[in-house]
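Participant: Sequence:
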Amino acid sequence: MALGALCALDSVVLGGSPGINIREFAELDDGQRIFWREDRGWFGKSVNSPWPVTSGRDLTHEVLEVTQPDDCRIDSYVECALEGLRGMALNIDPASVYSAPFRVEFDVDLKEELSRVAQFFDPTSRYGHNTQRPCR
Numbered sequence: 047m048a049l050g051a052l053c054a055l056d057s058v059v060l061g062g063s064p065g066i067n068i069r070e071f072a073e074l075d076d077g078q079r080i081f082w083r084e085d086r087g088w089f090g091k092s093v094n095s096p097w098p099v100t101s102g103r104d105l106t107h108e109v110l111e112v113t114q115p116d117d118c119r120i121d122s123y124v125e126c127a128l129e130g131l132r133g134m135a136l137n138i139d140p141a142s143v144y145s146a147p148f149r150v151e152f153d154v155d156l157k158e159e160l161s162r163v164a165q166f167f168d169p170t171s172r173y174g175h176n177t178q179r180p181c182r
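Counting the sequence shown from 1 gives a position; the working numbering is that position plus 46.
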């Protein structure tokens, strides 16, 4: 089993800004993908950027933040996923959910958008071709 989030550019545009739609899934051992929550995402700028997407790594971080449970009764994402899957009348072994890896996937349109906006985040264009900004 694996848990994950499939991210896509939302077809609805608010105020000229594209949105990110997140569909959370469980991929069962037989390869079947079950979408158990589809109400996450954002429009316009992301939490940490004026752009809806910046880099794949930054978007992954945003997705991990946005998919956290809203319900104070639930202590962890895994418990939320388990509750969501059980709510679909699936016979899921809790141990398989707790030990499942989590991955974030981007659809084709989102990958293209990441490539398109990458030019605006190129450090060589901001700091000059011969100057490298040190990573800390």
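One should not assume that every hint holds.
Distance windows between CB atoms, simulated [said to hold, decoys possible]:
#1 Asp117 x Val163: 19 to 25 angstroms
#2 Val154 x Gln78: 27 to 33 angstroms
#3 Asp117 x Val154: 29 to 35 angstroms
#4 Glu111 x Asp139: 23 to 29 angstroms
#5 Ser101 x Pro140: 32 to 38 angstroms
#6 Glu158 x Asp117: 17 to 23 angstroms
Keep in mind the hints are simulated off the structure, nothing from the lab. Source: prediction; values computed, not measured. We put the beta carbon where it would ideally sit given N, CA and C, even for glycine.
Participant: Next, verify each hint and record whether it holds.
Facilitator: Outcome of the hint check:
no. : hint                                : verdict
1   : Asp117 x Val163: 19 to 25 angstroms : violated, 34 angstroms
2   : Val154 x Gln78: 27 to 33 angstroms  : violated, 22 angstroms
3   : Asp117 x Val154: 29 to 35 angstroms : holds, 33 angstroms
4   : Glu111 x Asp139: 23 to 29 angstroms : holds, 28 angstroms
5   : Ser101 x Pro140: 32 to 38 angstroms : holds, 35 angstroms
6   : Glu158 x Asp117: 17 to 23 angstroms : violated, 35 angstroms
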